[in-house]
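Chemist: Take a look at the letters that make up each chain.
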Amino acid sequence: MAIQILQEKWQGQVSLVTIGATKEEGGSRSSVIKIGGEKSLPALFKEGEIPHKPKVALEIWDIHPSEWPEALSKAYKDTLDDPFLWAKKCIKEYNAECICLRLQGAHPDFGDKSVEDEVSFIKEFLRKVNLPLIILGSGDDTKDNILLPACSEAAKGERCLIGSVTQDNYKDTVTSVIRNGHSLIAESPIDVNIAKQLNMLISDMGLSLERIVINPTIGALGYGLEYAYSIMERARLAALSSDKTVASPFVCFIGQEAWKAKEAKAKDTNQGVMWETITATALIQAGADLLVMRHPLAAEKVNKYIDKLFDTE
Amino acid sequence: MKKFRVTFYPANKSIDVTQGTTILSAALSCGVYINSVCAGEGTCGKCKVLVSGKTKEKESILACQTAVNENTTVEVPLETSLDLDSRIDITLQEKAITPSCKHLGVALDIGTTTVSARLIDLDNKKGLGTAITYNRQASFGADVITRIIYTAQKDGLDKLHNAVISTINRIIGSLALEFKISPSEITSVSCAGNTTMIHLLLKIDPAYIRQGAKIPLTNSMPLQKAQKAGIGINKDGSLYCIPSVANYIGGDAVSGILSSGLYKAKELSILIDIGTNGEIAVGNEEFIVACAASAGPAFEGSGLQCGMRASPGAIEKININPKDFSLTHKTILNAKPLGICGSGYISLLSAMLTSGIIDRAGKITAQKNERIRKAEYGQEFIVAPKEETQTENDIVITEADIENLKRTKAAIYSAVALLIKHMNFKISDIKNVFISGGLGTSLDIESAVGIGLLPDLERERFFFLGNSSLAGAERVLLSSQEKDLAEAIGKKVTYFDLSSEPKYMDEYMAALFFPHTDLSKFPSLKK
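Top to bottom, those sequences are chains A and B. This note's numbering puts the first residue of the first sequence at 16, with every later residue one more than the last. This note's numbering puts the first residue of the second sequence at 281, with every later residue one more than the last.
Honestly, the hints are just simulated from the structure, not real lab data. Owing to the predicted nature of the structure, the values given are computational and were not obtained by experimental measurement. Accuracy of the hints is not assured; some may be wrong.
Restricting the straight-line Cα-Cα distance to at most 30 Å, the calculated cross-link-like pairs of lysine-lysine (DSBU-like) are [what the hints assert, rightly or not]: (1) B:Lys701 x A:Lys24; (2) A:Lys128 x B:Lys654; (3) B:Lys706 x A:Lys24; (4) B:Lys643 x A:Lys186; (5) B:Lys338 x B:Lys439.
Could you build the full structure based on these sequences and the hints that come with them?
Modeler: Rendered as structure tokens:
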């Protein structure tokens with residue numbers, strides 16, 4: 016007798032978020048990416064529709080990332096001083112679909128670039144690079160409070176993904192994101208309740224839940240990966256049980272975490288690439304929808320993995 | 281060992297102490313009460329005083345971290361002194377009567393934060409008047425745990441014992457003065473208090489309450505002479521303490537179960553005590569299970585910028601106009617505003633939420649209004665400008681206050697939710713909700729549900745009892761049957777330990793939102 020495979024039926028659905036706007040939509044991007052929209056847990060294709068594959072974005076800094084270990088920075092050779100060359104390399108050589116631009120240089124400890132400088136930089140970047148764009152602040156709350164609204168203004172109509180905002184610091188950025196038609200990254204410290212609370216606070220201000228992407232905060236392999244995994248799984252189970260307040264796609268900053276691991280920094284080995292790849296593939300199974308990565312080889316491996324996972328024929 | 285003289289101003293009290301004694305310890309030994317939330321750990325910064333001596337210029341230091349090394353003069357600034365709160369408020373029963381005979385008793389409720397006493401005419405079985413004051417043990421820490429830790433220090437137990445005894449004797453003394461009687465005419469005292477408070481009252485080592493198996497030395501105390509404990513009434517007068525259930529379920533909870541009638545309820549009922557160590561009991565005539573949520577003293581008016589206990593002048597109800605944030609308020613006995621009491625804070629939070637002054641996380645989000653201004657940390661909202669108050673300052677609520685109140689309400693709500701879940705009931709199964717605590721003279725249930733302090737049930741199921749612990753102490757003083765009942769309840773209640781319950785933290789985090797992260801738990805509040 017054939018074994019009857021038990022199948023869960025879900026009521027809820029993760030919201031669908033589009034990043035980038037083409038000419039027809041009032042922007043200037045050559046393409047757009049869509050994340051989310053799933054009606055099932057990751058890779059359980061028979062239980063519900065999973066309309067979009069997880070997407071990988073490559074991370075670019077506005078200043079030279081001097082902290083990056085050599086094993087990582089050598090992948091970009093001499094382009095790290097020039098964000099435009101760097102982006103060109105990502106597109107031409109590494110087939111990037113989406114760019115994540117981190118405005119690290121605005122941080123008071125990393126050069127403290129002025130908001131005006133960053134705004135003109137963003138404008139130039141949008142002119143020269145026409146992929147869908149994620150814009151990240153400097154990580155300094157006070158600075159980002161002025162920086163992110165200004166960048167959101169400068170990128171008006173391009174439907175960027177802007178972030179991150181936290182529970183203590185969200186108001187100014189949210190207002191600007193609403194006005195300029197972007198989507199928002201809401202960051203919570205590995206905590207389902209806070210993720211939910213932040214989503215409610217943001218939607219109370221008038222940004223629809225369909226324009227929020229959750230950054231659940233993750234740990235790399237060996238540095239709290241399981242903890243992040245279980246939190247994402249819990250949030251996703253709630254979302255699929257039709258709790259709209261957590262039904263946002265996840266963005267995971269894989270590169271940022273993986274390259275912090277001391278194992279990843281080991282010289283002359285592939286360990287860092289593997290560390291980033293494994294962290295990413297594990298979190299795809301926890302429900303990650305958008306992966307921000309650093310090493311092009313790791314990104315390539317993860318893309319292959321995604322294609323294989325979705326090859327259900 | 282050398283001895284030095286320490287003199288405290290403005291109290292003008294002196295004491296000779298051995299070299300190396302801390303200033304805080306010297307102060308407590310001579311009856312100068314200094315604020316010390318952390319009980320001398322040096323972490324709270326509340327015990328700042330100005331010291332000067334022969335070799336020292338006047339400087340501001342922490343009293344708990346500074347040893348005496350010469351004859352020293354100490355100035356205790358107003359904000360450091362606990363004597364600010366040493367006022368005793370007496371309210372007379374509605375029909376005040378003069379005691380008819382020399383046969384009087386006192387019912388006591390010894391709380392972690394406040395102590396209440398009611399003078400009772402034993403012949404006519406009538407309460408004459410109730411007095412309330414802050415527990416002087418507050419100098420040794422705001423919660424029972426810091427106080428238990430303090431008892432491990434040299435003479436620690438003695439000091440804590442003396443502090444509560446002096447509070448009790450002062451409160452009895454002021455009642456005696458008010459009714460023109462001699463304390464020696466009081467022949468019996470009944471007392472309800474949490475387990476730690478009773479240990480300290482009777483000078484029993486409370487260390488085991490928080491160690492190892494977490495079992496107190498004793499739950500049930502024999503009837504004894506009040507004088508032996510140090511209570512200044514008739515030398516042959518008796519002292520009865522209502523038995524405890526467990527380390528954190530004390531005689532005050534048993535007393536509340538007794539006076540609320542929970543123990544004889546036919547339907548499922550719950551008793552929620554909104555106090556520093558908030559006890560929650562659920563049950564009916566067949567069973568009772570209780571747990572304790574260490575909520576903190578916020579709803580008793582302690583630890584907040586303009587908080588006060590429920591006494592004349594406390595703002596207890598507030599309405600805010602959502603258009604321009606103009607507001608109206610009502611104070612206890614309609615006196616000029618002095619501060620805000622627990623029920624006032626509940627009403628205020630609810631009004632600020634519905635008028636959009638704060639967001640659901642408790643941050644002030646409204647802008648550009650004369651009532652909103654920058655505070656030392658974050659922002660604050662002016663409830664009553666100084667022209668309208670009895671004090672010389674504006675009465676305000678700060679974002680830090682809101683955070684504190686949010687944590688307190690979350691501790692209580694999550695304990696209720698978890699206890700109900702643990703017993704396999706649903707919130708909607710509860711037919712009666714008894715609420716006790718020194719919040720105010722009344723409680724607006726709609727507001728309390730609105731901020732997520734109380735579960736969302738039909739409003740007519742709620743009953744606000746006021747101080748149910750004191751009411752129980754009065755009952756056992758007047759009737760031996762009630763005393764037997766109290767003993768029986770003490771044995772009947774099952775203890776549910778929240779601190780060893782892994783789900784508690786999660787419930788608590790989910791409740792740190794107005795009204796709650798899970799809105800489906802508050803269906804009546806949905807827009």
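Chemist: Given the hinted pair lysine 128 (chain A) and lysine 654 (chain B), is their alpha-carbon gap at most 30 Å?
Modeler: 28 Å, holds
Chemist: Against the 30 Å threshold, does the CA-CA distance of lysine 706 (chain B) and lysine 24 (chain A) hold or violate the hint?
Modeler: 25 Å, holds
Chemist: Is the straight-line distance between the alpha-carbon of lysine 338 (chain B) and that of lysine 439 (chain B) 30 Å or less?
Modeler: With a Cα-Cα distance of about 29 Å, the restraint between lysine 338 (chain B) and lysine 439 (chain B) holds, given a limit of 30 Å.
Chemist: Need the status of pair lysine 701 (chain B), lysine 24 (chain A): alpha-carbon distance at most 30 Å?
Modeler: Roughly 26 Å between the alpha carbons, so the hint for lysine 701 (chain B) and lysine 24 (chain A) holds.
Chemist: Straight-line Cα separation of lysine 643 (chain B) and lysine 186 (chain A) no greater than 30 Å?
Modeler: 11 Å, holds
In summary, this structure violates none of the numbered hints.
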